[in-house]
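Go by the hints and put chain B onto chain A.
2 protein chains.
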Amino acid sequence: MINFAPGPSQLYPTVENHVSQAFRDGIPSIAHRSKTFEAIYKGADEKLRTLLGIPPRFHIFFVGSASEIFERSIQNLVRRHSFHLVNGAFSKRYFEIARLLHKEPTKIEAEEGQGFRQAAVPKEAELTAITHNETSTGVSAPMELFAAVRRQTSALISADAVSSLPYPAFDFTQFDSLFFSVQKAFGMPAGLGVWIVNDRCLEKAAELESEKVCTGSYHSLASLQKHALNFQTPETPNVLGIYLLDKIAGDFLKKGIDVMRKETEYKADILYQALAKHGKIKAFVTEKDFQSQTVIVADCGEETEALSSYLKSHGLQPGSGYGKFKKQQLRFANFPAHRTESFERLAEKIMKY
Amino acid sequence: MINFAPGPSQLYPTVENHVSQAFRDGIPSIAHRSKTFEAIYKGADEKLRTLLGIPPRFHIFFVGSASEIFERSIQNLVRRHSFHLVNGAFSKRYFEIARLLHKEPTKIEAEEGQGFRQAAVPKEAELTAITHNETSTGVSAPMELFAAVRRQTSALISADAVSSLPYPAFDFTQFDSLFFSVQKAFGMPAGLGVWIVNDRCLEKAAELESEKVCTGSYHSLASLQKHALNFQTPETPNVLGIYLLDKIAGDFLKKGIDVMRKETEYKADILYQALAKHGKIKAFVTEKDFQSQTVIVADCGEETEALSSYLKSHGLQPGSGYGKFKKQQLRFANFPAHRTESFERLAEKIMKY
Numbered sequence: 001m002i003n004f005a006p007g008p009s010q011l012y013p014t015v016e017n018h019v020s021q022a023f024r025d026g027i028p029s030i031a032h033r034s035k036t037f038e039a040i041y042k043g044a045d046e047k048l049r050t051l052l053g054i055p056p057r058f059h060i061f062f063v064g065s066a067s068e069i070f071e072r073s074i075q076n077l078v079r080r081h082s083f084h085l086v087n088g089a090f091s092k093r094y095f096e097i098a099r100l101l102h103k104e105p106t107k108i109e110a111e112e113g114q115g116f117r118q119a120a121v122p123k124e125a126e127l128t129a130i131t132h133n134e135t136s137t138g139v140s141a142p143m144e145l146f147a148a149v150r151r152q153t154s155a156l157i158s159a160d161a162v163s164s165l166p167y168p169a170f171d172f173t174q175f176d177s178l179f180f181s182v183q184k185a186f187g188m189p190a191g192l193g194v195w196i197v198n199d200r201c202l203e204k205a206a207e208l209e210s211e212k213v214c215t216g217s218y219h220s221l222a223s224l225q226k227h228a229l230n231f232q233t234p235e236t237p238n239v240l241g242i243y244l245l246d247k248i249a250g251d252f253l254k255k256g257i258d259v260m261r262k263e264t265e266y267k268a269d270i271l272y273q274a275l276a277k278h279g280k281i282k283a284f285v286t287e288k289d290f291q292s293q294t295v296i297v298a299d300c301g302e303e304t305e306a307l308s309s310y311l312k313s314h315g316l317q318p319g320s321g322y323g324k325f326k327k328q329q330l331r332f333a334n335f336p337a338h339r340t341e342s343f344e345r346l347a348e349k350i351m352k353y
Numbered sequence: 354m355i356n357f358a359p360g361p362s363q364l365y366p367t368v369e370n371h372v373s374q375a376f377r378d379g380i381p382s383i384a385h386r387s388k389t390f391e392a393i394y395k396g397a398d399e400k401l402r403t404l405l406g407i408p409p410r411f412h413i414f415f416v417g418s419a420s421e422i423f424e425r426s427i428q429n430l431v432r433r434h435s436f437h438l439v440n441g442a443f444s445k446r447y448f449e450i451a452r453l454l455h456k457e458p459t460k461i462e463a464e465e466g467q468g469f470r471q472a473a474v475p476k477e478a479e480l481t482a483i484t485h486n487e488t489s490t491g492v493s494a495p496m497e498l499f500a501a502v503r504r505q506t507s508a509l510i511s512a513d514a515v516s517s518l519p520y521p522a523f524d525f526t527q528f529d530s531l532f533f534s535v536q537k538a539f540g541m542p543a544g545l546g547v548w549i550v551n552d553r554c555l556e557k558a559a560e561l562e563s564e565k566v567c568t569g570s571y572h573s574l575a576s577l578q579k580h581a582l583n584f585q586t587p588e589t590p591n592v593l594g595i596y597l598l599d600k601i602a603g604d605f606l607k608k609g610i611d612v613m614r615k616e617t618e619y620k621a622d623i624l625y626q627a628l629a630k631h632g633k634i635k636a637f638v639t640e641k642d643f644q645s646q647t648v649i650v651a652d653c654g655e656e657t658e659a660l661s662s663y664l665k666s667h668g669l670q671p672g673s674g675y676g677k678f679k680k681q682q683l684r685f686a687n688f689p690a691h692r693t694e695s696f697e698r699l700a701e702k703i704m705k706y
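Chains as they are written, first to last, in our numbering: chain A, 1 to 353; chain B, 354 to 706.
With the rest of the complex left out, here is chain A:
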């Protein structure tokens, strides 16, 4: 059964071998203050920089989950006002976490299935949160949105790329904070969030600390950065997760990011074409430049359950619709772990249905 759920999703095919190798090499019981661990962190850091084109002024930190990054980014980068572009469950969650942390977030909302091309950022906003890929609805933010927001405001921009990286070829001048979690397109077991921040973020966190704003404790940006200078983490981290990330980023580099991006677009294209041709099953996101390449949502209406069963009977496990769309949509992750042949088969089966 091929798992098309958008995360935790299909494992990248090399993961299991890497885990076996880790056990042979005693990785799961190494000390997190050892040279061996530092080499693993450094390896993952360097490979991610090469793979994603991360410039030297950005720093890479490992935490527990993307939910944690929602929290830490608000704590460390926002005195009072964050501004959120909300168009689904996860962009809304970022906003709600800011409220739970007693900040004063504001938001603009788009209909589910819709996105933003621009946004009027309030003057008081210290951080604008943009969801590059809204996992609940399959809406992707066009790159022009980042540029449009950047032109308007000198405040920080935080980009949620949880379910799109490594696909997007980001321009790192267009935001200050970027994050993803490994159980999506990296095809790894869950339990690790990756947070990429630039010097402006570190400066803002230092400014907040000097004003006695609480930035957290062991996972404040200052603490993460202090330890990362030695390729260490403040706490005992998910060592095996970081080891696997180093290996998977290495596998992606061997394959080549350009090849991977082309494959992603090809796979997305054949599924969107099938949905465009089908009489009853349609793409939920209708505007082409909002259509996510990595999480493709199909409006199936009354056919949802029957189509899901039909696909499963052919070894293809779709993800269910999110929240209120559970009974009328199916979601299909298009990650590096999903082979071209699997997508061709998926498109063919949907057409036949």
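No wet-lab data here; the hints were simulated from the structure.
Just so it is clear, CB atoms sit at the ideal spot from N, CA and C, and this is done for glycine as well.
A couple of the hints might just be wrong.
Computed, partial: chain B to chain A, Cβ under 10 angstroms [what the hints assert, rightly or not]:
| no. | residue |
| --- | --- |
| 1 | Leu364 |
| 2 | Thr367 |
| 3 | Ile427 |
| 4 | Ala442 |
| 5 | Lys445 |
| 6 | Met541 |
| 7 | Leu593 |
Frame of chain A, contents of chain B only:
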């Protein structure tokens, strides 16, 4: 090489097979909102309850690390005043995290290598933090300490048993919050903290929220509890870690906690006896009722490096001394993964040295 470092430590011997089985069963890519995941959480919850004698009024939550529990417990259980019994690096870290969170913690300190039999708890303390096993110095808190503190104060008590559980047979009437991390005595890969709290903790967190004290966001006690009622977590957690905890707790139950406790005491006894008889190498903790059964620290003075090399040449890898004791002490974890024969061999080699 047998790893006697006190965490990450020697893996429990069944871990690798459980990981293989997890991959065969597709566990690393299951959805964290699925019935399969709920069954895993429920299994781990039930087995931990049986193994450790956890009463129904306590709840079991999974977070990233014990460092996170330092933070979450202060955020959720302390309006202003926490009180800390400090006798080493980790008890001090709990205190420092309270300061970083802008609370007003106070502490009493004992010399390293010393512990507490009682403590005068300040009237304003809302929570007293007791380190059951100070991993840096090998000092264990006698059970009478918990009872002595309980008699004095109706305020909450939080017990750090990071490097002692499952060994101690705790009386759960003597504290309100208890926690450990899995890379110590559970012999698992790092990346999971287990927090066990009673209803009084949930009530205190609700009280703080009603007073507009910030208790965090996705990992507030309210959010953890709301999701745990369905055996779920707020975020995508370390699913493989929780799966392994279920399996390892099951293995411990099969072996029997009484047998494990007796073995632990036997192994500790032969090492402490060897240290008592040795001319140059001595136990750092001299008072018998402070001597940890699970982390045994040897004062080796000028012999430290040579003894370490000698033991390594015999396949026995000691843990280094902590912090300022790095060059004069060695630490030996005595966890379920460390076999009786290994400890006999360790004691024999130390005697021969």
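(message) When the structure is checked against the list of hints, which entries are broken? Sort them ascending.
(response) Checked against the structure, the hints that fail are numbers 2, 4, 5, while the rest are satisfied.
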